[in-house]
Structure formats: C-alpha cells, structure tokens
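Listed in order, the protein sequences are those of chains A and B.
Each step along the first sequence adds one to the number in the numbering used here, with nothing skipped, and position 146 is 162.
Each step along the second sequence adds one to the number in the numbering used here, with nothing skipped, and position 7 is 653.
Worth flagging that the hints you see were computed from the coordinates, not collected in a lab.
The model shown is predicted, which means the values in this text are computed figures rather than measured ones.
Ideal Cβ positions, reconstructed from N, Cα and C, are used throughout, including at glycine.
Treat each hint with caution, since some may be false.
With a Cα cut of at most 30 Å, we get these calculated DSSO-like pairs of lysine-lysine [unchecked claim]:
no. : chain 1 : residue 1 : chain 2 : residue 2
1   : A       : K52       : A       : K103
2   : B       : K779      : B       : K764
3   : B       : K695      : A       : K52
4   : B       : K703      : A       : K52
5   : A       : K151      : A       : K163
6   : A       : K46       : B       : K695
7   : B       : K779      : A       : K103
8   : A       : K93       : A       : K151
9   : B       : K773      : A       : K163
10  : A       : K163      : A       : K101
11  : A       : K166      : B       : K662
Chain B residues, not near chain A, derived (Cβ > 12 Å throughout) [said to hold, decoys possible]:
no. : residue
12  : Y655
13  : N718
14  : T735
15  : T753
16  : E792
17  : I802
18  : I817
Okay, the calculated beta carbon distance ranges per label pair [claimed, not checked]:
no. : chain 1 : residue 1 : chain 2 : residue 2 : range
19  : B       : K662      : A       : I27       : 16 to 22 Å
20  : B       : V717      : A       : S97       : 32 to 38 Å
21  : B       : N824      : A       : Q121      : 26 to 32 Å
22  : A       : L29       : B       : S697      : 36 to 42 Å
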Amino acid sequence: MNKNAISRGGILLIASTITIILLLVLSVTKISDIKKTVSEIDEVNSTLGINEGRLKNLEDLNENLDELMDDFIVLSKKIPSSPDKNKLIGLLNQYASENDVLLSQVDFDELNVEESMEESEGESENDTPNELKVKLAFTGEYASLIKLLKKLDNGERLIRIDEIEINSTGDFSRIVRADIAAVVFYNK
Amino acid sequence: MYNVSLLPYEYRILNKQARKKDYILLIAIAIMCLLLLAYFVLSIVSVGKHSELKELKARNSEIEDQIATLVNVEELDNEVKKINDKIKTAMGTTPKWADIITEIGNTVKPTTSIISIKMDYNDETGKCVIEGKASNLDVITEWLNELETVPGIDDITLIISDNSFTIKNYISFELNMNLLPNSEDSQEVADL
Chain A
17 MNKNAISRGG ILLIASTITI ILLLVLSVTK ISDIKKTVSE IDEVNSTLGI NEGRLKNLED
77 LNENLDELMD DFIVLSKKIP SSPDKNKLIG LLNQYASEND VLLSQVDFDE LNVEESMEES
137 EGESENDTPN ELKVKLAFTG EYASLIKLLK KLDNGERLIR IDEIEINSTG DFSRIVRADI
197 AAVVFYNK
Chain B
647 MYNVSLLPYE YRILNKQARK KDYILLIAIA IMCLLLLAYF VLSIVSVGKH SELKELKARN
707 SEIEDQIATL VNVEELDNEV KKINDKIKTA MGTTPKWADI ITEIGNTVKP TTSIISIKMD
767 YNDETGKCVI EGKASNLDVI TEWLNELETV PGIDDITLII SDNSFTIKNY ISFELNMNLL
827 PNSEDSQEVA DL
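For reference, chain B alone in the conformation it holds in the complex:
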C-alpha cells in the first residue's frame, strides 16, 4: 500500500528532472504546432487580403483611366460652377424687381392711382415707397390688406400725406414697406 522505491535518491531526482523536461518539451512542441497553425492561417488570410487589395487597386486604376478621358468635361463643369458662383455672389439677394412690381400692381384697386414707386435694395435691406391717390380710406385699407399677402415685402406703413379733399375727392397717401431678400437660389442658371 506504500509507494516504495528502491532506486537510489540521485537517480530518482535525475529521472524526475528528465520527465519534467519531457513535459516541457511536449508543451513547447504543442505551442509550436499551434503557432505554426496560426501562422499558416494568417498567411492564408494575408494572401487573400493582398489579392483583394490588388483587385481593388486594379479596379480603381481602371476607373481613374476612364475619368482621365473625361477630364475635359470635368474642367468645363468646374468652369460653369465657378461662373455661376460669381453670378450668385454678384447678385446677392437682390429681389426679383419685375415680380414684386407686378405683384404690387396686381393688388391696386380701380379707384386708386399710383403716382410713383421708389425701390432700393442694398446689403440685404431694401425699402419701397409708393405714392398715390385714392378715392377713400376704405379703398386704401382694402389694398393694404391685399399687400400684406404679397411675397417679398413686409412691415407696410401708411401715411396719409394730404387728406384735404380735392375737387375729385382724392386722398394722397404714401406707403412705406421693407423689401425682403430674395430667398430663392438667386439668379439660377435655370433662368438661362
């Protein structure tokens, strides 16, 4: 029942050490095998990735060649964009005068006459002054209400400059309003 060894103590120590070395060697071989396997797998992955990269580079090079044949078109397009940008910068947010004047003109009542329209626009702010005559205040009020709906203008104020009734019973008035910046993509090339 007892583990008795009759071998000399030194021999046993040596044997134990040799066995330990064998184990270590076995573990080392196992690690080596694992590392070899890992290296093998990594090599396969690496070859795959290199091949993918080569393929992509070839495709990219092909596309770049195609682009090179169309470089003149690109230059022309850039030139068009550059001029268009210059036009936009030059025009800024200047209102579409014809549209605003037409819209205002369309709201004028039959018994109202316009003597003058003054409009100016600079640095994103503009003013409009309309001088005219109307048969009565109701007509002006009605017109004012319609003017409120006209796009491109706001903050309309009315000044009755002369309410002394003339022979024709006309009232002189002055309308002041602000001109709003043109919010559209100003001076579109579509206008071409």
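Chain A with its partners taken away, still in its complex shape:
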C-alpha cells in the first residue's frame, strides 16, 4: 500500500514537473509572441505615421492641384526638350520689344550644341540639362535694360547669364549697349 502511494506520488511529481516545463515553454513562447507583436505594432505605427503625413501632404497638394499643374507647365517650359533656338530668338525679341530695347545680336555656340547632343546620348532624363551657350547684345536706355535683365531672370525660358558688359554708346547718349554671354538649357 505504501509502495503504491509512493509510486503514485512519484508519478504525480513527474507529471507536475512535465506540466511546469510545458507551461514554462508555453509562457516563453507567448512572451516571444507578444514581443514580436509589439515590435510589429511599433513598425506599423511608424509606417502609419509616415503614411498619415504623406496623405495630409497629398490632400493639401490636391486642394491646390490647379496651382501645381500651372507650376508644372511653367517649369517644363523653362527647360524644353530641345534647344528650340527659333522660339528662343522669338522670345528674346518679345522681351526686347516689351522693354523698349533693341536685340542687336544673337549668336549660338553651335559646337557646344553638338557636343552636348553627343554627351546626352545614353544619359538618362534625370541628369543635369544640356547647356547651349549664346551671346546676346541689346541696345537701349539703362532703365529699360535693367527691366530686360529682370525679365531674363524670371522669363519663360531658363537663361543663366555668365557675363555682362554694359557700355555707353556716346558721351552724351542715354543709350547703352549690353553684351551678354548666357547659357540656355534643354533636356535632350
């Protein structure tokens, strides 16, 4: 009878030990699962934060879609897909006449165009735009020339002026001549 009791006690002890081990394993697994879930929550929270910011930004942009579209059109014209020299000359003439100035010279650096064309072959559209050097000369009154320079700075086409020389045309003349070395840009 005692032996039976001892063996029953032993079995119970073994069963409890196994249960304890099982519960320990289950608890550790649960803890690890919770840790994983918490880490996932952090990750999703972070993504959510980014996405919420992105959505807010997009909603704001969507509210001003017309303005954004206008910006895109204006900016696209600043760096066209080809040198478009004729249109550029027309534009410079327009600026000159709008500001009572005479456009007396437009010289394109042809060599520069060819080099740029060759360089651009194989380059992606994302690279820096190609440069087309141009020499310009305007004659007119000083104030008119200043207005013209402002127009060139903020005009339809992107023009970077590298050199500018303003000379008076005579001792008592109000007319001055501006020689400009500039660069215009195009994409392809």
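Keeping the supplied structure of chain A fixed, place chain B upon it in accordance with the hints.
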C-alpha cells in the same frame, strides 16, 4: 520532554520521505498554478496586442488606399520638384544681375558718370569692373562708402587710371569688386 518515537526506524524514514514528496508536490502545484496564471495573463495581453496590431494594420491599409487614389498628384509633385532641382543646379549661385546693377546704379553720384560695367560670374566667383569719370576724388570716396553697403558685392578697390585733369576737370577711375554668390534659394519657383 523528550521526542520519543516508538515507530520502527524504516517506517519513520519512509514516512519522512513521503512527507518530503508531498511538500515537493505542493510546491510543484503552487508553481504550476503560478505559471498557469502567468500564461493566462500573457494570453490576455497577447490577444490585446494582436487586436491592436490588426486595428493599426486596418487603419494603415485604409490610408494606403486613400494615398493610392492621390498617386497622380504625388507623381506630379515629384516631377515639379525634379524640374525645380534641375533649375537650381543649372542656375547655381549666379547673382541676380538686375538687382546688383540697379543697386550699384542707385548709388552713383550726380557728378560721376559710368563709361562701362563689366561683370562675370563662374564657379561661385565673380568680378565686376566699373570704369567711369568723376568730378573729384571726394565724390568717388563718397560713392565708395555707399557701395560698401550694396549687397552682393565686396572687396572694392579703386584705381585712378587718369588723374590728369581734362578741360572739364574729370578724373578717370576704375572700380574693381568681387561678386558674391546668390545666397537666396536661387531661382525660386516663387518667381514663377
């Protein structure tokens, strides 16, 4: 007063061992209960966390769907930014010529005349040379002092190129100065 047991020694040993086993069993059951409780609590926490995660994922998915409907706007915005960056790169830190020339022109004294202005800017360095005539040195000095306040230029040096007084008593001079890079966010889209 003495603890005397009349039971046989073997029986006592067996009894002692059985009691020890009972204690161990009791402790094991207590540990088991604790672990069960811990597991129960952990399970509740786990369910809570899973539910929180599910909720967040659903919310994120909803926002992503909303973003997907506005993807065209985002592409347009990226395109605008890309072109704007290209413009900034192309223009670099080139000065605002009209502003500088206007500022310089505004400081010219009535008895001073400018014959020529030459300006060039390349690779973040630029120079400006102004040739002119003035009635006297005081006028040039006064002008120089005013030029010091003009933004976008510095390091102004004066060269009197011809101080032999002409019939009109004019002095020929040359002003050299450095052009500073345009510190503004160059060629802002705001100019559009």
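Structure-based check of all given hints:
{"no.": "1", "hint": "A:K52 / A:K103", "result": "violated, 63 Å"}
{"no.": "2", "hint": "B:K779 / B:K764", "result": "holds, 15 Å"}
{"no.": "3", "hint": "B:K695 / A:K52", "result": "holds, 10 Å"}
{"no.": "4", "hint": "B:K703 / A:K52", "result": "holds, 15 Å"}
{"no.": "5", "hint": "A:K151 / A:K163", "result": "holds, 19 Å"}
{"no.": "6", "hint": "A:K46 / B:K695", "result": "holds, 12 Å"}
{"no.": "7", "hint": "B:K779 / A:K103", "result": "violated, 41 Å"}
{"no.": "8", "hint": "A:K93 / A:K151", "result": "holds, 21 Å"}
{"no.": "9", "hint": "B:K773 / A:K163", "result": "holds, 22 Å"}
{"no.": "10", "hint": "A:K163 / A:K101", "result": "holds, 23 Å"}
{"no.": "11", "hint": "A:K166 / B:K662", "result": "violated, 107 Å"}
{"no.": "12", "hint": "Y655", "result": "holds, 15 Å"}
{"no.": "13", "hint": "N718", "result": "violated, 9 Å"}
{"no.": "14", "hint": "T735", "result": "violated, 6 Å"}
{"no.": "15", "hint": "T753", "result": "holds, 14 Å"}
{"no.": "16", "hint": "E792", "result": "holds, 18 Å"}
{"no.": "17", "hint": "I802", "result": "holds, 18 Å"}
{"no.": "18", "hint": "I817", "result": "holds, 16 Å"}
{"no.": "19", "hint": "B:K662 / A:I27: 16 to 22 Å", "result": "holds, 20 Å"}
{"no.": "20", "hint": "B:V717 / A:S97: 32 to 38 Å", "result": "violated, 25 Å"}
{"no.": "21", "hint": "B:N824 / A:Q121: 26 to 32 Å", "result": "holds, 28 Å"}
{"no.": "22", "hint": "A:L29 / B:S697: 36 to 42 Å", "result": "holds, 39 Å"}
Hint compliance for this structure: hints 1, 7, 11, 13, 14 and 20 are broken, all remaining hints hold.
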